[in-house]
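Note that the protein sequences, when read in sequence, are chains A and B. The numbering of the first sequence is our numbering, which starts it at 16 and goes up by one. The numbering of the second sequence is our numbering, which starts it at 16 and goes up by one.
Honestly, I wouldn't trust all of these hints.
Where chains are identical, the list cannot tell them apart; a pair therefore holds if satisfied intra-copy or between any two copies.
With a Cα cut of at most 30 Å, we get these calculated DSS-like pairs of lysine-lysine [as the list claims (entries may be wrong)]:
| # | residue 1 | residue 2 |
| --- | --- | --- |
| 1 | Lys88 | Lys209 |
| 2 | Lys17 | Lys65 |
| 3 | Lys19 | Lys158 |
| 4 | Lys139 | Lys17 |
| 5 | Lys158 | Lys170 |
| 6 | Lys166 | Lys88 |
Just so you know, these hints were derived from the structure itself, not from any lab.
In case you want the letters, here they are:
Number of protein chains: 2
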Amino acid sequence: MKVKEVVDRILTACDTPQIPETCDQLMAGDWDCEVTGIITTFMATVDVIKETIAKGANLIITHEPTYFTGLDKTDWLQGDEVFRGKQNLIVRNKINIWRFHDHMHMIRPDLIYVGLNKELDWEKYNLLNDPHCYLIPTTTVEKLSVFLKEKLNVKAVQIIGNKQSSVERVGFLVGGGSLGLGSEHMPMELMRNKQLDVIVGGEILEWTLCAYVRDAAQLGLNKSLIILGHNRTEEVGMKYLPAWLERLFPDMSISFIEAGEPFSYL
Amino acid sequence: MKVKEVVDRILTACDTPQIPETCDQLMAGDWDCEVTGIITTFMATVDVIKETIAKGANLIITHEPTYFTGLDKTDWLQGDEVFRGKQNLIVRNKINIWRFHDHMHMIRPDLIYVGLNKELDWEKYNLLNDPHCYLIPTTTVEKLSVFLKEKLNVKAVQIIGNKQSSVERVGFLVGGGSLGLGSEHMPMELMRNKQLDVIVGGEILEWTLCAYVRDAAQLGLNKSLIILGHNRTEEVGMKYLPAWLERLFPDMSISFIEAGEPFSYL
Chain A
16 MKVKEVVDRI LTACDTPQIP ETCDQLMAGD WDCEVTGIIT TFMATVDVIK
66 ETIAKGANLI ITHEPTYFTG LDKTDWLQGD EVFRGKQNLI VRNKINIWRF
116 HDHMHMIRPD LIYVGLNKEL DWEKYNLLND PHCYLIPTTT VEKLSVFLKE
166 KLNVKAVQII GNKQSSVERV GFLVGGGSLG LGSEHMPMEL MRNKQLDVIV
216 GGEILEWTLC AYVRDAAQLG LNKSLIILGH NRTEEVGMKY LPAWLERLFP
266 DMSISFIEAG EPFSYL
Chain B
16 MKVKEVVDRI LTACDTPQIP ETCDQLMAGD WDCEVTGIIT TFMATVDVIK
66 ETIAKGANLI ITHEPTYFTG LDKTDWLQGD EVFRGKQNLI VRNKINIWRF
116 HDHMHMIRPD LIYVGLNKEL DWEKYNLLND PHCYLIPTTT VEKLSVFLKE
166 KLNVKAVQII GNKQSSVERV GFLVGGGSLG LGSEHMPMEL MRNKQLDVIV
216 GGEILEWTLC AYVRDAAQLG LNKSLIILGH NRTEEVGMKY LPAWLERLFP
266 DMSISFIEAG EPFSYL
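Excised from the complex, chain A in its bound form:
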């Protein structure tokens, strides 16, 4: 089966409305290349590409960009040694990289949240009439942070607010969702409208949601923020994607390679 047939079958299965200017493009490779195996990952880093080659696969389905900006433009990278090194690795080994981002989030249910709910066993708590909000058994910010840190294998959790606060109404904005997806105040409006005790998030900016929650806590309101990072909140969606793909490609070798949290800490 060729790359084009794999991607077409995935898009047909998604059955989402047409997305104009989607980032879900073939970032490297050739539509006519015969697929030897599929790898799913959060990001096609150099190490993920090397491991793909070692496994004998040649189609990487990545959630995030390959070339360091939202739309994977490469004009500004001409002559760049990082780009050249990565591209050489890709071209020499005839690796194909297709991005599966917008359609993954647009399909219902959102396939990233499908993986997250499986990993946390939280589907049963999805009770607040919003796919990003949960009503969980009453706990504290600290205990919830410990649970998430262990379940999602996070090296360091950032917390704003009082760790001993009671929480049961939780918003979970994975990846860049906690930035607001083009609307700086969306996460704060979600917190207000759904009367959330805590938001668990991926990416943050210190002057938006962080500032709001810090002020709320300093005013004595029961609001907190637990930050796990982009990779840690979304990679779990790519971990469970092979199970969804196997139904479409029963005869294909399909596996997940973890890109991993990019940071070490000091």
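We have chain A already, so just place chain B on it with the hints.
Frame of chain A, contents of chain B only:
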């Protein structure tokens, strides 16, 4: 002296070109209010406002927003309990808040970097024909991280790359500068053009600079990233701002209140 006279005198001293649509606005208070004392801070959080009141001052000069978005719009905050609580505190105590951001960065030298250079004693290393780049005595990523963690009192430093890498060419993009200031690839172009071994940054997104540096390190190139956060890289500019203001207002009480790193860690 009234709020208006204080701000006018500061803007005259800046002597920057006119900035259209600047965020440097009076966010709270009254231009005609008599100033009892000036406080400088990274962000006029609820706790900073309370401490300002306790000190008997009534004009806060803040670098970052008061109302949780870049331009401090408040239309979306009507009826919000966090906004109401903060605004009540401000109004009841007749606090004035003026934002000093764009002009602070536009004046030459940039007043945030003035504070940073003083705190690190790095002005002498500013040798790469760029105000954001330094040539420091050869060290390692780990040793540089330890130095910065101690000097800037950072709770947790995030690192990408090899901690044992040798570094001497350093880019330092404070605050939101490491996001690229509207150009996602600016920090990577700076790294390439100035042949930087490491960028020290404030805010990050995992799919841009982080991804570039991780790939570079995985390719064996000598590139690293040290992330200190927005508050930790810019508050130092506000710490040294009273020294600059005292020349303009020799008879005024002026002091710095630390907003502080917003996070705790687990």
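Going down the list of hints, with the structure as the test:
For a Cα distance limit of 30 Å, the shortest separation of Lys88 from Lys209 across copies, 22 Å, qualifies, whereas the shortest one inside one copy, 38 Å, does not. For a Cα distance limit of 30 Å, the shortest separation of Lys17 from Lys65 inside one copy, 21 Å, qualifies, whereas the shortest one across copies, 65 Å, does not. For the homomeric pair Lys19 and Lys158, neither the shortest alpha-carbon distance inside one copy (46 Å) nor that between copies (49 Å) is at most 30 Å. Taking the shortest Cα distances, Lys139 and Lys17 never come within 30 Å of each other, neither inside one copy (39 Å) nor across copies (59 Å).
Proximity of Lys158 and Lys170 under a CA criterion of 30 Å is satisfied in both settings, with 16 Å inside one chain copy and 21 Å between copies. Proximity of Lys166 to Lys88 under the C-alpha cut-off of 30 Å is found in neither arrangement, the shortest distances being 35 Å within a copy and 38 Å between copies.
Violated hints, in rising order: 3, 4, 6; the structure is consistent with all others.
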